[in-house]
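Chemist: Using the sequences and the hints, build the whole thing.
Next come the chains, spelled out residue by residue.
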Amino acid sequence: MNEVPQPRDESGLRIQELAYGLKVRDVMTSKIFTVTRRCTMWEVQTIMKSNGISGVPVVDGCHVVGIVSMHDIMVAIEGGYLDDTVASHMVSDVQTLSDEVPLTFAMSAFTKYSYRRFPVVNQNNELVGIVTPRNINLALIRELSRQLDEIEEGESQLIDKKITAFHRIYRLTRYDFEHAGRASAELKKELKARGVPSKVIRRAAIASYELEINVVAHSHGGTFTMLVDEGRVRITANDFGPGIPDVDAAMTEGFSTANDWIRSQGFGAGMGLPNVKRVSDEFEIQSGVEMGTMVKAIVYLKKGVD
Amino acid sequence: MKVSELNSVGFCCVQNKFEDAEITGGYTSDLLSDVMGNLKDGQVLITIQAHKNTIAVASLSGALAVIFCHGRSVTPDVLEAAADEGIALFSTSDNQFDATVTLAHSLR
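From first to last, the protein sequence lines stand for chains B and X.
Heads up: the first sequence begins at 1 in our numbering, then just goes up one per residue.
Heads up: the second sequence begins at 1 in our numbering, then just goes up one per residue.
Hints listed in this document are in silico derivations from the structure and should not be mistaken for laboratory results.
Ideal Cβ positions, reconstructed from N, Cα and C, are used throughout, including at glycine.
Please note that a few of the clues may not be correct.
[To be verified] When the alpha-carbon atoms are kept at most 30 Å apart in a straight line, the in silico DSSO-like pairs for lysine-lysine are as follows:
id, chain 1, residue 1, chain 2, residue 2
1, X, 40, B, 302
2, B, 199, X, 2
3, B, 199, B, 302
4, X, 40, B, 31
5, B, 189, X, 52
6, B, 192, X, 40
7, B, 277, X, 52
8, X, 17, B, 189
9, X, 52, B, 112
10, B, 277, X, 2
11, X, 40, B, 277
12, B, 112, X, 40
13, X, 2, B, 49
14, X, 52, B, 199
[As the list claims (entries may be wrong)] Listed next, the stretches of chain X that the computed footprint assigns to chain B, with coverage defined by at least 3 CB atoms under 8 Å from CB atoms of chain B:
id, region
15, 10-21
16, 28-37
Modeler: And the structure:
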């Protein structure tokens, strides 16, 4: 059973796009119930029953040390040990999510693990909230209606200025070098048609091409989005993993994890991400091991920085 | 030196739909990201990577022509992509070092 939209099916392309701007922090429930190791299973059951929740994190100070789910309570009732403390029956191997990561990572995590909830922690590894599929669905609906409002507003403005936004989403497949570059070619054509200076076009196209190649060469596949409006090109590459263990290393020129086959295709020089950063006016990268990587590059059309 | 003159110094033209512009220099590399990061407008790319991605990279970086070394065979899809992008293609049995030396001498 999976209540979260699957990022891998076709409709998922749009859903991923919806979730791009959102972080786990924006959608989590931050007012949550917690227990300590010394509380009893019966107390946890009471908290669940009276508040309509299905999982309670166990904390030591601000840190998560375990979690008790409805399933654990049912087993406790069956086994007749509701009076035992939480310590001996909680699940102590808890998968948490950072509040900084994109919502799409949380969606991947729900797809990958069978957990129904993830405690959310801040940079200091302190518990700051909890995220469930319900949080995600609500956030997506909210974001969808916000974007619809924006489109309605934007359209009336665009008609005045006779400029339309260019928006494309592509699916990229692992090792499909044949089709990588397709998005960048379209982007180039579009920018040329808009009379963008060729130096700016080149910077946008390089960012776009490197990111396409990255997804194809290094990830299990993913989505690639381009948005061109009056002032800028926004390129977003979002993949389904495996994630980058050391982002700083990946941003260093010459660092590469490419295998021989990738190298035989002429890639894997360890310059992809540094190249993207160099040609972009704004650059952002986030990666979660086993969850995926999101890179956002923005090139300004007007400033014409070389 | 113009692109068309590469023929006269021993490079064999295999794709001739291009604008015959003045060559500003050359860049020799088989790593396409390196090419994208460093090749300058108006230069010639010298490489052994004879596939479609090379054409995409050459076009993005502003290369006028690509010289494929070691007599690597050029497939029809590569020729077609280069014609679409207006990038001249040359072939040589020389290795990258010798091709680079030849081009460098011709440009001086």
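Chemist: Now, for every hint given, state plainly whether the structure supports it.
Modeler: Each hint, compared with the structure:
1. X:40 <-> B:302: holds, 22 Å
2. B:199 <-> X:2: Cα-Cα ~22 Å, so holds.
3. B:199 <-> B:302: holds, 11 Å
4. X:40 <-> B:31: violated, 55 Å
5. B:189 <-> X:52: holds, 18 Å
6. B:192 <-> X:40: holds, 20 Å
7. B:277 <-> X:52: holds, 25 Å
8. X:17 <-> B:189: holds, 19 Å
9. X:52 <-> B:112: It is violated: about 36 Å lies between the C-alpha atoms, which goes past 30 Å.
10. B:277 <-> X:2: violated, 34 Å
11. X:40 <-> B:277: Holds, because 18 Å separates the two Cα atoms, which is no more than 30 Å.
12. B:112 <-> X:40: Judged against 30 Å, a Cα distance of about 44 Å means the pair is violated.
13. X:2 <-> B:49: Between residue 2 of chain X and residue 49 of chain B the Cα gap is close to 81 Å, so the pair fails against 30 Å, i.e. violated.
14. X:52 <-> B:199: Roughly 23 Å separates the two Cα atoms, so the pair holds.
15. 10-21: violated (count 0)
16. 28-37: Holds, because 7 residues of the region 28-37 of chain X bring their Cβ atoms closer than 8 Å to Cβ atoms of chain B.
In the structure shown, a violation is registered for the earlier hints numbered 4, 9, 10, 12, 13, 15, in ascending order.
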